[in-house]
Amino acid sequence: MKKQLTVFFVTTISFLVGLCSLSIAQSGYKTPPKEITEMLLAKRPAAVSIDNKGEWMVLMQTNSYAEMEELAAPELRIAGLRINPANFAPSRMNLIEQLYLREARTQKDISIEGLPKPLHATGVTWSPDQRAFAFLQVNTTSVDLYQVNIATKKAIRINKSPLNIVLNRYQWVDANTLLYFTATRKPTEAPIKAAVPDGPTIQENSGKASPRPTFQDLIKSPYDEQLFAFYATAQLVSNTKGVETKIAGPALYKSASLSPDKKYILTEVMTPPFSYSVPAGGFASLLFIMDRKGTTIKNLGTNPSSETAPSGNDNVQPIARGHEWRDDQAATLVWCEPLDSGLIKKQMDYHDAVFALSAPFNGEKTLLFKTKMRYSNTVWGNEGLALVYEGLRSRQQSGINRFNPITGDLERIFTRNTTDAYSNPGTAVTKPNEFGQPVLWTIDKGNKVLFNNTTGSSPKGDLPFLLSFHVHTKKVDTLWKCSEGVFETVQKIIDAENGVLITQRESEKDVPNYFQKDLIRRTADRPLTNFKNPYPAMDGVTKEKIFYKRADGINLTGELYLPKNYNKERDGKLPVFIWAYPAEYNSAADAAQIRGSEHRFTYLNGGSPVFYVTQGYAVLNNAEMPIVASSENGKPNDNFIEQLTMNAEAAIQTLNERGVGDPDRVAVGGHSYGAFMTANLLAHTKLFKAGIARSGAYNRTLTPFGFQNEDRTYWQAPELYNQMSPFNYADKIKAPLLLIHGELDNNTGTFPIQSERMYNAIKGHGGTARYVSLPYESHGYTGKENLLHVLAEQFEWMERFVKNAPAQKSESKKGF
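Count the sequence shown with numbering that gives the first Met the number 0 and you get residues 0 to 815, in order.
Honestly, the hints are just simulated from the structure, not real lab data.
With a straight-line Cα cutoff of 25 Å, these simulated DSS-like cross-link-like pairs (lysine-lysine) come out: (1) Lys240 - Lys116; (2) Lys516 - Lys444; (3) Lys369 - Lys344; (4) Lys107 - Lys516; (5) Lys33 - Lys531; (6) Lys444 - Lys473; (7) Lys731 - Lys762; (8) Lys292 - Lys253; (9) Lys261 - Lys297; (10) Lys107 - Lys531; (11) Lys240 - Lys153.
From a predicted model like this one, the values you see are computed outputs, not experimental measurements.
Could you build all of it, start to finish, from the sequences and the hints given here?
This is the structure in structure tokens:
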């Protein structure tokens, strides 16, 4: 008996040691293969900011990824914000670590004297006269404002009091004056949480509907309210040549906008009680105009909390909205009022009206125009020209109107579906006027406005362009268009009449670089930068935009990456990794349009699936997954699962027919809504060997007031919500699913509990799943160690379940 007990204890101890060893093997951070690690950590080229004359460039090098010590630093998550409690600034900022000047003419790099050390900069902006630029320096316990003089190449700290940039940053008034907000208390004076609460936290609703999305990081207690008030309270300050002048008193400034003539400040101040249902941007507020001394000139009213705003796309609160200054006049306020009580389904000839009121703001408001759809914004030009934008998200429609402020005439010049990429004219080009405000850039004696389309979707792929539009004849002329074989965009217009531009050009092999073009003289492009490829391991990798059709005839595309030196006749079909994100369309024709360019340089961020092409996989990135309304009155999601399946089947079949992808060794993955897609494909098809789902939502009943572009609520369409929830089909998920989620995800709807419950559901039914919770990460991952670990987890998952999976007969793989 004694011997038997001894054997039992030895066996038990050995078993426990084995479990312990297994636990240790699975703990701690992993790293992926060397090539992947080196590519992730490679420094990207510097970001560039160019002055309006095209003479000077500011080059800014950031630290791509945060160290875990940075992510683990104290952080307040309140009112939808993430605040660094030590310095009155947002947390998790990607800061500039190197900052220098480049003279465009000579391409000579020039260092700047007086930069703070270590440099942790953000918010670089040029002065109105382009002779200086400013930036914020984020220190451990404070934030400072620096100004760099281009002539002297010196940086000088101009603030006397530490800044508060929790809600606002700074703005230039003129070449010598800036407005900013300062902290009113020291961080060490923050409220201290009571050891024992005074009582329970209570929320009550008195019969008012509040159909809000599932926001995160909200205020949850009276103590949170105290913290928000402490960190958001700031003092508005004017600084002229280093001399600070306070304007009005401390307040919870939501915004403060100078009038074009710099005499007035349109001010919005948040007021308690603070909502527990919406972020700070939706808090109740007071709106008023004050002068530069802080004296209130005009009270504009109160804005209620947005928690009572009606649900549904295009519905708005029945109040005045969108107050802003008219850019082409000295001090004229414009705003919009709904004519339909905020409910778009009301049958109305016009749904919105836009009004104006000029200084001294004691007269009656003036009606400028009415819009048939929801008013969006106005790009002002001059006394006789402006462009008015309107649209309906629910119908995927938008319109651009020419507005004559003198006569009041409003004429439609463009109408398009927002998903019709081919018809997009681009963005109206602006330039500073005499007030320093952005107004329409016109040529040909003011008869033509410019539009810059930096995407340029076309049947040949993306070919960006610059066009002019004659406001009277409506004639469109293409001034410049990207050549085939590259991807080039207009970054800045230096001289519109003489055709001097600065562009950024790239190809699948060439890093984006800047060039100066002369469209009139047609001289050779002058290079302004010479950035190098940071990924030598990608040399020889082939990239191709492939075209294929799904079963119902809709055209699809994807970016296919194949390993260097790969030969399909010699090497055979490869294991495949498909990465995608669904998109909704009301029109099959729009869904079938060609989007993207195979001539884009591939930057490898931590979320990219392209890394794995260096490990022997065929990677189909951005595989299109359109979800199309099947009828005029139907909604795209009415047959979501069927369309997902068709998309996936078409991609796998195409790679198989090309002879490059093994249909029996395919993984699918996605982030956020792409993760939701992944889980659904594994739940409803047998097409995939494995799936990788990052930061997704899997139970749609937990996002009951709509999600993505779905505006029906759970109670209006319970069957739809249940059918689209892969959580409800966890018992059907047999292919291995890797779930990854940031433990501090702050995205609306994608609470970490979504992945936790999905994992437990699969586990409970005997499925194969793994759940990785990333410390301190939000919806997008930024920590170096976490990103390397994610890449390692994904690689191991695919090696285990895809590349080295046992063969199976493809005939057994059906969509349903």
